[in-house]
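Undergrad: Single-letter residue listing:
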Amino acid sequence: MTVLSNTEENIETRTANTVRSAPAPRRRKPLGTRAYKTFRVAALVAVVLFLVAPLFWMLLASFKTNVDIYDTGKSFFFTPTGENYANVLQRNNYFVFIFNSFWVAFVSTVLSLVLGVPAAYAMSRFTMHRSALVVLMARVIPGVSLLVPWYYVFSNLKMVGGFEVLILSHMFVSLPLIVYIMMSYFDSLPLELEESAQVDGLTPIGAFRRITLPLSVAGMATAGILSFIFSWNNFMFALVLSGSKTKTLPVAIFDFVSYASIDWGGLMAAATVVTVPIMIIALFTQKYIVSGMTAGATKG
Amino acid sequence: MSVLTPPRSAQSQPPSGRNARSASGARENFSAWANRHRKWLFAAPAMIFVGVLIIFPLAWTLYLSLTDSQGSVRAASEFVGLENYLTVLSDVERFWPAVGRTLSFTGVALVCEVVLGMCIALLLWRPFRGEKWVRVAILLPLVATPVAVGMMWRLIFDPNIGFVNQLLGMVGIPPQPWLSGQDTALGTTIFMDVWQWTPMVVLILLAGLTSLSEEPDEAARMDGANAFQRFFFITLPLMMPTVIVAILLRGIDALKTFDILYATKGKGGGSFHEVETLNVYAYGLSFDYNQYGLSSAVLILFFMIIIGSMWLLTMRKKAVSK
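Line by line, the protein sequences give chains A and B.
Each residue of the first sequence is one higher than the last, beginning at 1 in the working numbering.
Each residue of the second sequence is one higher than the last, beginning at 1 in the working numbering.
No lab work stands behind these hints: they were computed from the structure.
Ideal placement from N, C-alpha and C gives every residue a C-beta, glycine not left out.
You may find that some hints are simply not true.
To be verified - Coverage of chain A stretches by chain B, computed from C-beta distances (three or more under 8 Å per stretch; other residues unrestricted):
no.	stretch
1	76 to 90
2	126 to 139
3	147 to 153
4	214 to 225
5	233 to 240
6	262 to 269
To be verified - Cβ-Cβ distance ranges computed for the label pairs, FRET-style:
no.	chain 1	residue 1	chain 2	residue 2	range
7	B	Trp133	A	Met159	22 to 32 Å
8	B	Pro237	A	Tyr36	53 to 63 Å
9	A	His129	B	Val136	32 to 42 Å
10	B	Val136	A	Phe126	37 to 47 Å
Using the sequences provided together with the hints, build the complete structure.
TA: Below you can see the structure in the form of structure tokens.
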């Protein structure tokens with residue numbers, strides 16, 4: 001039996017190997033008639049167009065003057081202008097809102113990881129399904145039903161309009177997400193690794209800290225990135241709980257909409273400014289996002 | 001030897017003869033205590049956090065729903081028993097249509113997303129060139145900020161300058177009032193939801209497909225089953241648990257849809273009436289009209305609908321998994 005070994009390095013290299021040698025997802029060989037292949041190419045092109053074209057349209061409009069936007073003859077051919085972006089970034093102080101969004105998403109993600117990872121670990125190891133349900137309830141409850149009591153309590157505490165209350169409310173979104181993702185991650189991590197570490201003299205918490213945590217960096221990255229994205233995109237809580245100084249980007253978009261008219265160029269530039277950073281992050285971390293979105297989905 | 005009982009005691013208990021009150025002794029006792037109770041030590045903070053932020057507001061909402069609270073939340077309000085519920089349940093002008101819209105929004109969006117999602121997942125199942133680009137395309141709507149997406153569609157579906165009406169104009173169809181029309185608004189917002197969230201269903205179903213075992217499918221092929229037969233009699237039944245997970249995850253969010261509706265219909269977009277779902281209705285009652293009692297009653301009923309439909313689905317999933 002090879003479980004016993006004395007140095008920590010040994011444990012770590014072996015665990016790393018075990019994790020790496022997990023069977024790669026099997027892919028089927030391409031097959032099918034030529035007609036099917038042609039159909040598939042056409043269908044995939046249609047899917048990609050359907051998903052990307054609207055975003056492209058938004059991008060185009062953000063480089064048009066409002067006059068050009070109203071001119072249907074200039075749908076695709078127009079003289080691009082950076083005016084809208086200059087307007088968004090300078091006159092409307094978007095740098096502050098970008099910072100607000102980033103700060104709220106970042107802090108709420110970090111705090112949720114600190115609370116959520118050990119919780120998910122305990123819930124996975126001791127199969128505390130009922131306790132997990134309490135945390136996951138937060139995903140089910142409609143946000144509006146929490147906002148009235150929150151608003152009342154937090155405004156009495158003079159916290160509305162501060163970062164703390166925004167971070168707390170966003171943690172409410174991220175924590176269940178992180179617990180859900182990390183639980184399915186810990187479920188897939190073999191228990192034997194910790195057990196052998198304990199045989200080698202680590203305490204249970206020591207084994208969690210020195211063996212399990214380092215092995216779950218990928219899982220935490222997945223959970224953290226998704227939580228950041230959801231917090232960045234969250235609108236309803238910030239709509240009610242943010243103040244003029246702590247406004248986040250999704251709320252700030254509405255600066256371009258008044259009851260009388262809409263500054264379409266500025267609005268599209270603002271919408272682009274909100275979505276582009278998060279898309280860039282997503283493109284670089286694709287693998288993590290996909291594994292997070294599908295966490296726990298395939299276990300019957 | 002038993003791997004399950006670590007020699008924790010040897011390490012964490014101070015050797016006899018040493019003063020138990022020494023600093024190191026206290027630390028070791030604490031660490032032994034922490035290790036023994038790690039289950040709750042780890043789980044409790046998150047549970048307390050979520051519990052306080054949920055249970056207290058829910059209790060409050062339940063209480064408010066039994067009062068005639070209006071205006072300021074802190075103003076004294078009278079206990080009115082079930083009156084709010086009776087008012088709401090007999091309100092055929094706004095409440096019941098809102099229930100209908102909530103259910104039809106969720107139902108139609110879910111059906112479209114699952115059917116489309118399954119088709120796309122099947123297209124992506126086997127490797128092909130340019131896979132990377134399709135994956136990027138799938139990811140973009142998923143991570144796009146819903147409010148920004150709402151604004152984007154608001155421009156595209158604008159009756160005067162929108163691209164959709166331009167396209168229709170080319171084939172001679174008169175412009176349609178997509179988002180403001182009594183009959184078209186709900187459908188248009190469903191379309192937006194489908195655009196944004198079908199990719200998520202695709203990802204979930206694709207993960208399910210790639211984890212399926214190949215044998216049943218191959219056996220069926222040996223027996224001469226064609227592609228459609230193999231899909232409907234082999235793949236689909238095996239995929240049912242994954243499909244139900246996708247429906248559960250998407251359904252919860254679709255029921256609570258707010259961002260897109262607010263962005264397209266809210267401020268500056270006219271009235272919500274054509275797309276007023278339970279969520280939007282309750283939001284308006286609370287934050288536009290300060291009818292906290294009524295809105296709380298709506299929310300409690302809404303919550304019961306959500307729990308009920310989730311419970312039905314989980315039952316179904318258990319039945320399928322068996």
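Undergrad: Kindly indicate which numbered hints from before are broken by the structure, ordering the numbers from low to high.
TA: 1, 4, 7 and 8
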